[in-house]
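Novice: Here the protein sequences come in this chain order: A and B. Each number in the working numbering comes from the position in the first sequence (counting from 1) with 37 added on. Each number in the working numbering comes from the position in the second sequence (counting from 1) with 941 added on.
The set of hints was computed from the structure by calculation and includes no laboratory data. Here the structure is a predicted model, which is why all the values come from computation and not from measurement. Any given hint could turn out to be false.
[As the list claims (entries may be wrong)] Simulated pairs of lysine-lysine, DSS-like, Cα-Cα distance not exceeding 30 Å: (1) A:Lys317 / B:Lys1066; (2) A:Lys432 / B:Lys1193; (3) B:Lys966 / A:Lys240; (4) B:Lys1204 / A:Lys394; (5) B:Lys1123 / A:Lys192; (6) B:Lys1132 / A:Lys192; (7) B:Lys1029 / A:Lys432; (8) B:Lys1027 / A:Lys222; (9) B:Lys1223 / A:Lys432; (10) A:Lys230 / A:Lys101; (11) B:Lys968 / A:Lys240; (12) A:Lys271 / B:Lys992; (13) A:Lys384 / B:Lys1223; (14) B:Lys1031 / B:Lys1003; (15) B:Lys1204 / A:Lys398; (16) A:Lys271 / B:Lys968; (17) B:Lys964 / A:Lys240; (18) B:Lys1132 / A:Lys394; (19) A:Lys192 / B:Lys968; (20) B:Lys964 / A:Lys192; (21) B:Lys964 / A:Lys300; (22) B:Lys1164 / A:Lys242; (23) B:Lys1223 / A:Lys271; (24) B:Lys1031 / A:Lys317; (25) A:Lys271 / B:Lys1123; (26) B:Lys966 / A:Lys271; (27) B:Lys1164 / A:Lys394; (28) A:Lys300 / B:Lys966; (29) B:Lys1029 / A:Lys317; (30) A:Lys271 / B:Lys1066; (31) A:Lys271 / B:Lys1003; (32) B:Lys1205 / A:Lys192; (33) A:Lys432 / B:Lys1027; (34) A:Lys192 / B:Lys1029; (35) B:Lys1003 / A:Lys432; (36) B:Lys1204 / A:Lys317.
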Amino acid sequence: MAIGNRKVTRRAFLASSAAAGGLLVVPRHVLGGEGQVAPSETFGSALVGCGGRGPGTHGDLKEKHGLATHCLAACDVDLNRAKGFQKRMGPSCEVYQDFRRVVERNDIEVVAIGTPPHWHALISIACMEAGKDVVCEKPATRFVAEGRALADAEKRYGRIYQVGTYGRFGMSQNESNRTMRKLMKSGLLKPCKGRYVSRGGLKVKQWSGRLDVAPQPVPEHLDWDLYCGPSPVKPFHPPRHGGTHRWYWDYEGGGLGDMGHHKFDPITWLFGKDDTAPVKIEAHAPPPHPEVSGMWGWFKLTYGDGFEMVVESGEWGESAGLTSVRPSTDDLSEGDKKKLDAMPDPKPCVGFGEAVKTRQKAGGHAEAAHRTACIMHLANVAIRTGRTIHFDPVKEVVIGDEEANRLVHPPMRAPWHL
Amino acid sequence: MAKTDTLADIVGRVPELDEGGEKGKEKGKLTGPPWADAIRDVYDPVLAGGKGAVLALIDMLKPIDDGADYKVRYALHGLSVYTCRKGKEKQRADVIDACTAALAQDRPAPVKECLVWELETVGDKRAIPALAALLNDPAVGPDAVRTLVAIGHAAVEPLRAALAKAKGEMRLHLVQASGQLKDAAAVAHLKKAAEAEDADLRITARWALATIGDAGSADLCLKGVEARDWERVKAVKACLVLAETLARAGNKRAAADLYDRLKKACSTDDPYIREACDRGLKAVG
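Next up, chain A with everything else stripped away, as it sits in the complex (with noise of 0.2 Å):
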């Protein structure tokens, strides 16, 4: 909170406040007492992007994550839509249209982001610029390169990150996954005989775009300008807003763009690819339209210790016709079983609620999100090129193909910039 060139932090501003005594409302939530979380424990909040799945997402703050928290601020480019959000929430959450106003609030310690993806990753790191945790709906990212900026935020600010996807804390919790997870981050499988084949549930062909739209005038309580951001601005087409977004390359990458994260979250995790991205990525599909995102049959991704990944969409075209090879323990030598018992077992992803109070790394964390969110976004360059691509897991490059990484790092509108 700045007040005149003062910038107030939420423990002094508290004091203040309860200094003030009748001057100033405090709830009682917020000055703590008997039966009430004591106000050191209490985060101030914020939601930025306040359609589709935001609301839950900050909701899940408090039910999912046991964060108490007061919300402060509800932010969204359409006004209708912050308005409708601080109903819920009470007088004293403001509403904004322009996220960098929160950005800006010091009482505000913990956003929570549902805005569609092409902003995800910009809000997300621009709040951990401003010393505050993260809690973002999936994707992490809508490219390569977001992901990487993304990580580079979370590292340099040391801040807390959880993309809003939680497969891999269910998977952590079986013994068995994590017997799996420690034979391939061990290194010892040389190579990987591995192949996961997955088939459905991408939602390819309902978040696939509709050519037959023609463009509208702005609605008034939407900044159409600020709504594109770090895309092109494009002539207003109703389902560029709202959850249809997911049909435009603008904004993030149909179906696989979106519901693949929460598909391979926990699969990247199980398979201890959450740290690393495929070297080879090879995609079925027709050509693609310039701005919507369409049909695809499967792509196979191949990773730098030979495990294979491959995801058929059951929508279009023929099957790659491949079947999972599980890996096993029984393909180590016994000198190679003696290494893998002794080195340390996998830990237990941190909940979100948990990493804010103990400053350690959520199970989500960007690295981990950005990872997984490189399988949607390199299938998709696949697709985009129709070209098999080949990819540099440390340089995160396409290699080879100028063509192709103008689509890993494409140039963001100004003054919008990673």
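Given the coordinates of chain A, work out where chain B should sit on it, guided by the hints.
Specialist: Showing chain B alone in chain A's frame:
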């Protein structure tokens, strides 16, 4: 293009939009043909007509994207993607030449925008002069900047030349382009922009200087930390990014000095910034 086929016949082979099934939920979507069919039925026949056929296809674009010309847009983008394949260099040149020739003609701005976006896919250094010529056009200038950045380092000179003269919104786009392409030769222009009246311009210029890693910009970045609110947040970032860039380039002394000065500039209300500086100092030894 076979003699018996008109361009309209060829474009007509792009599949019809979906009817939408019983509930009409998927109406207006394009299932899309397999690549092999699209190449045989659409792309190769158009490309057989050379640049002239691609220009004729561009002539079929309508200014309003209301779905009426979806087959044309789909076919044109397919040509852009297809001709980026190895072995299609001659055909790619035809597509680029057709797009750039059309950009030089008197066409509606939305059509020019569509062509600029296509060049973001298919364009290379051959497209630079035509795109650079659009940098004074407020309607398509920002998109031209974006496409030039996508084309990459070959585009830095015309972008820098435009930056030297640019005003208003275009100056902001060009400052950002200099940062995206890490154009060290643009530092003098960026330093001027970092002291401009417009806050977005100052913020973007500091970021560009930081990503370029100009050691002489430390004072400018630190000066921004005296600002309030959003600009201050972004100025702190510029300092940290500049220090990291300097350290990566081996200039650890300058990086350490910047971390020290930033730490001193940040009050006790910003412990996370001071902690970030401490981590930086530890990293540079």
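Novice: For every hint, state whether the structure bears it out.
Specialist: Each hint, compared with the structure:
1. Note on Lys317 (chain A) and Lys1066 (chain B): the hinted pairing holds, with a Cα-Cα distance of about 28 Å set against a maximum of 30 Å.
2. For the hint pairing Lys432 (chain A) with Lys1193 (chain B), the CA-to-CA distance comes to about 22 Å; that is within 30 Å, so the pair holds.
3. As the CA atoms of Lys966 (chain B) and Lys240 (chain A) are separated by approximately 13 Å, the hinted pair is consistent with the 30 Å bound.
4. A distance of roughly 25 Å separates the Cα atoms of Lys1204 (chain B) and Lys394 (chain A); the hinted pair therefore holds under the 30 Å criterion.
5. A C-alpha spacing of about 23 Å is found between Lys1123 (chain B) and Lys192 (chain A), which places the hinted pair at or below 30 Å, so the restraint holds.
6. About 28 Å separates the Cα atoms of Lys1132 (chain B) and Lys192 (chain A), which keeps this hinted pair within 30 Å; it holds.
7. Using a Cα cut-off of 30 Å, the hinted pair Lys1029 (chain B) and Lys432 (chain A) holds, with the two alpha carbons roughly 28 Å apart.
8. Distance restraint check for Lys1027 (chain B) and Lys222 (chain A): the Cα-Cα separation of roughly 37 Å exceeds the 30 Å cut-off, and the hinted pair is therefore not satisfied.
9. The hinted pair formed by Lys1223 (chain B) and Lys432 (chain A) meets the criterion: a straight-line CA distance of about 24 Å does not exceed 30 Å.
10. Between Lys230 (chain A) and Lys101 (chain A) the alpha-carbon distance is near 37 Å, which puts this suggested pair outside the 30 Å criterion.
11. The straight-line distance between the Cα atoms of Lys968 (chain B) and Lys240 (chain A) is roughly 15 Å, inside the 30 Å bound, and the hint therefore holds.
12. About 28 Å separates the Cα atoms of Lys271 (chain A) and Lys992 (chain B), which keeps this hinted pair within 30 Å; it holds.
13. Taking the CA atoms of Lys384 (chain A) and Lys1223 (chain B), the gap is about 27 Å. The hint holds against a cut of 30 Å.
14. Proposed proximity of Lys1031 (chain B) and Lys1003 (chain B) is supported: the alpha carbons are some 27 Å apart, at most 30 Å.
15. At roughly 24 Å between alpha-carbon atoms, Lys1204 (chain B) and Lys398 (chain A) fall within 30 Å of each other, so this suggested pair holds.
16. Taking the CA atoms of Lys271 (chain A) and Lys968 (chain B), the gap is near 22 Å; set against the 30 Å cutoff, the hint holds.
17. At most 30 Å may separate the alpha-carbon atoms for a hinted pair to count; Lys964 (chain B) and Lys240 (chain A) meet this at roughly 17 Å.
18. At most 30 Å may separate the alpha-carbon atoms for a hinted pair to count; Lys1132 (chain B) and Lys394 (chain A) exceed this at roughly 41 Å.
19. Distance check on the hinted pair: Lys192 (chain A) and Lys968 (chain B) sit about 45 Å apart at the alpha-carbon level, beyond 30 Å; violated.
20. A distance of roughly 49 Å separates the Cα atoms of Lys964 (chain B) and Lys192 (chain A); the hinted pair therefore is violated under the 30 Å criterion.
21. The hinted pair formed by Lys964 (chain B) and Lys300 (chain A) meets the criterion: a straight-line CA distance of about 28 Å does not exceed 30 Å.
22. Distance restraint check for Lys1164 (chain B) and Lys242 (chain A): the Cα-Cα separation of roughly 52 Å exceeds the 30 Å cut-off, and the hinted pair is therefore not satisfied.
23. Proposed proximity of Lys1223 (chain B) and Lys271 (chain A) is contradicted: the alpha carbons are some 46 Å apart, above 30 Å.
24. Under the criterion of a C-alpha separation no larger than 30 Å, the hint pairing Lys1031 (chain B) with Lys317 (chain A) is consistent with the structure, at around 28 Å.
25. Between Lys271 (chain A) and Lys1123 (chain B) the alpha-carbon distance is near 27 Å, which keeps this suggested pair within the 30 Å criterion.
26. Distance check on the hinted pair: Lys966 (chain B) and Lys271 (chain A) sit about 25 Å apart at the alpha-carbon level, within 30 Å; holds.
27. As the CA atoms of Lys1164 (chain B) and Lys394 (chain A) are separated by approximately 34 Å, the hinted pair breaks the 30 Å bound.
28. Taken as a hint, the Lys300 (chain A) and Lys966 (chain B) pair is honoured in the structure, with Cα atoms around 24 Å apart against an allowance of 30 Å.
29. Distance hint between Lys1029 (chain B) and Lys317 (chain A) is fulfilled; the C-alpha atoms sit about 23 Å from each other, no more than 30 Å.
30. Between Lys271 (chain A) and Lys1066 (chain B) the CA atoms are separated by roughly 26 Å; this keeps the pair inside 30 Å, and the hint holds.
31. Simply put, Lys271 (chain A) and Lys1003 (chain B) have alpha-carbon atoms about 15 Å apart, close enough for the 30 Å limit, and the pair holds.
32. Between Lys1205 (chain B) and Lys192 (chain A), the direct Cα distance comes to roughly 21 Å. Compliance with the 30 Å bound is thereby established for this hinted pair.
33. In summary, the hint linking Lys432 (chain A) to Lys1027 (chain B) is supported, as the alpha carbons are separated by about 24 Å, within the 30 Å threshold.
34. Taking the CA atoms of Lys192 (chain A) and Lys1029 (chain B), the gap is near 44 Å; set against the 30 Å cutoff, the hint is violated.
35. Between the alpha carbons of Lys1003 (chain B) and Lys432 (chain A) the distance comes to roughly 41 Å, so the proposed pair goes past 30 Å and is violated.
36. A hinted pair counts as satisfied when its Cα atoms are at most 30 Å apart, and Lys1204 (chain B) with Lys317 (chain A) does not qualify at roughly 43 Å.
This entry does not satisfy hints 8, 10, 18, 19, 20, 22, 23, 27, 34, 35 and 36, going by the numbered hints stated previously.
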